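A.B. asks: Listed in order, the protein sequences are those of chains R and S.
Here the first sequence is numbered in my numbering, starting from 2 and rising by one per residue.
Here the second sequence is numbered in my numbering, starting from 2 and rising by one per residue.
The set of hints was computed from the structure by calculation and includes no laboratory data.
The reader is advised that the hints may include incorrect statements.
You can't tell identical chains apart in this list, so a pair holds if it fits in one copy or across any two.
[To be verified] Restricting the straight-line Cα-Cα distance to at most 35 Å, the calculated cross-link-like pairs of lysine-lysine (DSBU-like) are:
no. : residue 1 : residue 2
1   : Lys135    : Lys171
2   : Lys171    : Lys148
3   : Lys128    : Lys236
4   : Lys137    : Lys236
5   : Lys236    : Lys33
6   : Lys148    : Lys102
7   : Lys236    : Lys222
8   : Lys102    : Lys302
Note that the coordinates shown come from a computational prediction; the quantities given were computed from them, not determined experimentally.
Listed here are the chains, written in short residue letters.
There are 2 protein chains.
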Amino acid sequence: MRSVLLIFIFLNLLYAEPITPIPQHIEVDEAKAALGKELFFDTILSVDNTVSCATCHDLNNGGDDGLRFSFGVDGKEGDINSPTVYNAVFNFRQFWNGRAKNLVHQVAGPVTNPVEMASSFNALVQKLKRTAYKNKFDKVYKDGITKENIADAIAEYEKTLITPNAPFDKYLRGDKNAITPKQKEGYMLFKDKGCIACHHGINIGGNLYNKFGVMQYVSSKRLGRYEVTHQEEDKYYFKVPSLRNVARTAPYLHDGRFESLDEVVKFMARYQLGQVITQGEIDKIVAFLHSLSGELPASAKR
Amino acid sequence: MRSVLLIFIFLNLLYAEPITPIPQHIEVDEAKAALGKELFFDTILSVDNTVSCATCHDLNNGGDDGLRFSFGVDGKEGDINSPTVYNAVFNFRQFWNGRAKNLVHQVAGPVTNPVEMASSFNALVQKLKRTAYKNKFDKVYKDGITKENIADAIAEYEKTLITPNAPFDKYLRGDKNAITPKQKEGYMLFKDKGCIACHHGINIGGNLYNKFGVMQYVSSKRLGRYEVTHQEEDKYYFKVPSLRNVARTAPYLHDGRFESLDEVVKFMARYQLGQVITQGEIDKIVAFLHSLSGELPASAKR
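Using the sequences and the accompanying hints, generate a full structural model.
C.D. replies: Now the structure itself:
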């Protein structure tokens, strides 16, 4: 019996796919997540009460805002494309330049960024203490409202924002008809062209940095990892983005330069892989990318 | 005239290759490098005066030791393959798990590693002060023999260990006959198969981390980046190694599991890219890899 099990495990490992499905559920602290959800949708987080997390991470719209650059307080425009909050928990680091090691550290970024929410945590803690949040935090956290607890609650909510059961995940789980023949061909091309070298794992990306413009120089205002490390060799290295729900998160790339999947697939093939790619191949890969759209979680509804 | 120049620059950027040549020379402090060279070859660095940097980084033998795992003091065997010291200055981080951000930080690793040199810097500083090194350090460094100055001198010497003028670099610089037609075909395959996605830049690698076993699970005792960050998502992510002088640095991979380039190319194609590859294609890629062997610098001679 034991040897049959071992052979089964061995064969599973041998024929494992480089992409793994999103789980149906991950454990969260429900009370903290509920508090975090309230904060996520509350504009109280911004200095002038105009911008919430949901402003740039619209949960009915792919978890981002569909804009090239987001607008923060006073209508100020940022200079980087909002990544989706969906499945962000599975990324190895947060932000395009990876400057936050997890969701808790990520929260501080937009809250204090002068062109996003432009708040300070001291001011925010004081503001929240004058509201019904005081009691709510006291119930959930021993030390009540603190910077750490605000971030912790929002991060706990964000952990619920996962999108299981994408057609491609069903296919990976064994339902061979969950995706179309064209999508299957697209997946084969995705592997054969080398896209898979960087877009793999549970988030089909989100787990390594690579250079923007491997094969040819590409202009970019933002400098990627260099902004964090100030090491010359990190210039233009960005976190490889997740392709989960990519059909819902236009525009594309860290500066939102492309509106369509067609354009970005063509660009990636040329600049990241030096591949000649036909329109027929692009169509198939784009069809495959559409199979990566999962089910929105119940927690995304207000 | 200016517009001609701009067009020239534009075309150069447009048709730039994803690999750039090793420069002929990089600036170093000659006095420090000379001191560092003496230390590099001196077994005084190890606790029992048996092991020098050159023990595992044989400069006449690809800059590594040709062993699967190196031997340190008391004949102790390590558990990771020595990477070459040649062109290490161009790597974005040092060590397979990237735990040192540059050569200066790297030096401390082997000196204090219990299975390598097993020394302590306090003991080493005291030992060196009783030798002719005392005067030599005093001449070059205001504060004489310190941990920092030992590392600085060795790192300064290592900066001289670059290997320019590989046939492939000559080809990149415009000498179209510097590599054979078979090597050119190998380079095309190297790009078409997707190897280039990770092996690019001046060191053809050495500038990002990726997962060991992208397409299928591969066993590995060492855990890569996880050893540094202790983050689950960093498990099995290793620095993509440089392919400079790869024909001289067998055995291959972080655990030296392969003796030949044929084997490692086949393995990489399957486990990192999920590519079917024929023996004819392997031959061409291996031919290309042989074009990456550069000239040894004068400073490598004792």
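A.B. asks: Between copies, within a copy, both or neither: which fits Lys171 and Lys148 at Cα up to 35 Å?
C.D. replies: Answer is neither; intra-copy 40 Å and inter-copy 57 Å both fail.
A.B. asks: For Lys137 and Lys236, with the copy left unspecified, which applies at a CA distance of at most 35 Å: within, between, both, or neither?
C.D. replies: neither (44 Å within a copy, 38 Å between copies)
A.B. asks: How would you classify Lys236 and Lys33 at a CA-CA limit of 35 Å: within, between, both, or neither?
C.D. replies: For Lys236 and Lys33, the Cα distance is within 35 Å only across copies (29 Å; inside one copy 38 Å).
A.B. asks: Can you give me the call for Lys128 and Lys236, within, between, both or neither, at a CA distance of at most 35 Å?
C.D. replies: Classified as neither; 39 Å inside a copy, 41 Å across copies.
A.B. asks: Are the CA atoms of Lys102 and Lys302 at most 35 Å apart within a copy, between copies, both, or neither?
C.D. replies: within (27 Å within a copy, 45 Å between copies)
A.B. asks: Treating 35 Å as the Cα threshold, decide for Lys148 and Lys102: within, between, both or neither.
C.D. replies: Both. Shortest intra-copy (17 Å) and inter-copy (31 Å) distances satisfy the 35 Å Cα cut-off.
A.B. asks: Using 35 Å as the alpha-carbon threshold, which applies to Lys135 and Lys171: within, between, both, or neither?
C.D. replies: Close neither inside one copy (43 Å) nor across copies (69 Å); limit 35 Å.
A.B. asks: State whether the alpha carbon distance between Lys236 and Lys222 is at most 35 Å within one copy, between copies, both, or neither.
C.D. replies: both (11 Å within a copy, 32 Å between copies)
When each numbered hint is compared with the structure, violations occur for hints 1, 2, 3, 4.
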